[in-house]
Amino acid sequence: GAVVSQHPSWVICKSGTSVKIECRSLDFQATTMFWYRQFPKQSLMLMATSNEGSKATYEQGVEKDKFLINHASLTLSTLTVTSAHPEDSSFYICSARVDGTEQFFGPGTRLTVL
Amino acid sequence: QKEVEQNSGPLSVPEGAIASLNCTYSDRVSQSFFWYRQYSGKSPELIMSIYSNGDKEDGRFTAQLNKASQYVSLLIRDSQPSDSATYLCAVRRDGQNFVFGPGTRLSVLP
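So the sequences go chain by chain: A and B.
Counting along the first sequence from 1, when you hit position 47 you're at 47 in the working numbering, and nothing is skipped either side.
Counting along the second sequence from 1, when you hit position 83 you're at 83 in the working numbering, and nothing is skipped either side.
One chain only, chain B, in its complex shape (with noise of 0.2 angstroms):
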């Protein structure tokens, strides 16, 4: 089983439409979990952080973590084309590097 894991998409929404996007973790005692966004040909740039169990809103982004179920989502409101790109999923154990998921690629429609 990996550590991280998403389901690599392409993962195609409508625009205004909400995008969910998912990822399951396999160490139990991770603490951190952070989302990033990665434009074709650029690096990845945090979006979220979320550390506790629940829902963290910014702006038209909520992430969600369930540390029980080890999974962590995130969902775009509003989604628009300028979101297409593909998300990161990484979570973290303290002392311990990041490990990031393979990503999912969201397309949204004009």
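Bound-form chain A, shown alone (with noise of 0.2 angstroms):
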């Protein structure tokens, strides 16, 4: 199947600080990516829906100011987590479609905010 990379693979920080998270495809050209959250024993929350030279597409509930998402190529997107605090701790897991079929997930970044 298609490998899709994540980096950082976990991060700690400071309140108030802000995140990225870099999610890259690496053996395809993604055109779309998408966003995923997850709370311990939870199901996957789409969060958005990321478009290779466009706006991201928000899900409903999700402050797009505080979840900034650039697809500045086929191959990368980002996610910064602007202001972080403890509640946005959480597992980030994007993942990339792959002909408009399949979709691929990354290895996910783990996020703890102190």
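In short, the hints are calculated from the structure, not lab data.
Keep in mind it's a predicted model, so treat the numbers as computed, not measured.
No residue lacks a Cβ here, since even glycine has one placed at the ideal position from N, Cα and C.
Heads up, none of these hints are tricks.
Only part of the chain B face toward chain A is listed, based on derived beta-carbon distances under 10 angstroms: (1) Ser32; (2) Phe34; (3) Tyr36; (4) Gln38; (5) Lys42; (6) Ser43; (7) Glu45; (8) Tyr51; (9) Thr86; (10) Leu88; (11) Ala90; (12) Arg92; (13) Phe98; (14) Phe100; (15) Gly101; (16) Gly103.
Simulated crosslink set (DMTMM-like; lysine to aspartate or glutamate; CA at most 20 angstroms straight-line): (17) Lys2(B) with Glu59(A); (18) Lys66(A) with Asp88(A); (19) Lys42(B) with Glu102(A); (20) Lys67(B) with Glu102(A); (21) Lys41(A) with Asp83(B); (22) Lys41(A) with Glu5(B); (23) Lys42(B) with Asp88(A); (24) Lys41(A) with Glu45(B); (25) Lys55(A) with Glu22(A); (26) Lys56(B) with Glu102(A); (27) Lys42(B) with Glu22(A).
Reconstruct the complex from the two isolated chains, following the hints.
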């Protein structure tokens, strides 16, 4: 299957700081990438759909000014959590869709905000 | 009614048995169906995709799709303790995003 990487795999930051998470498609070009959040023992929650060269589409209830998404190229999308707070601590996972069909996930980034 | 429903489990089966995981969906025009496995603390991993009615086999895994009943299942033969994970069903309609079910937690007992 297609390979999606994320960096960093985990990050600890102080409350009020911003954190950037990168998502890369390594062996294919992804016009569409997705960002999910998952709290412990809960299901995946889609945060936003990231389209190369255009603004991201955010799901209802997700603050676009807090979770900044940039999809600058066909292989890279970034999620920046601005002014992070402890309630933002979660597992953030990106995915990319291949040829409009299958969707492959990155390994995830565990964010802990102190 | 939720778009994609799964029994949350846990589903416990003894090692070597067949594990049967079920998923129902509400959008009748859904066209693509996927099963993902997620180990605790890890991201989901695609294990099967199915697009037409009937069975699709891949090793110990068999996906079954019945569009008339809006039902998709995953059978795991000869279950191993390493199969213990949460299994996510995903459904997609052309031009739309994936819709994931809440997942079924499977526990294979040695």
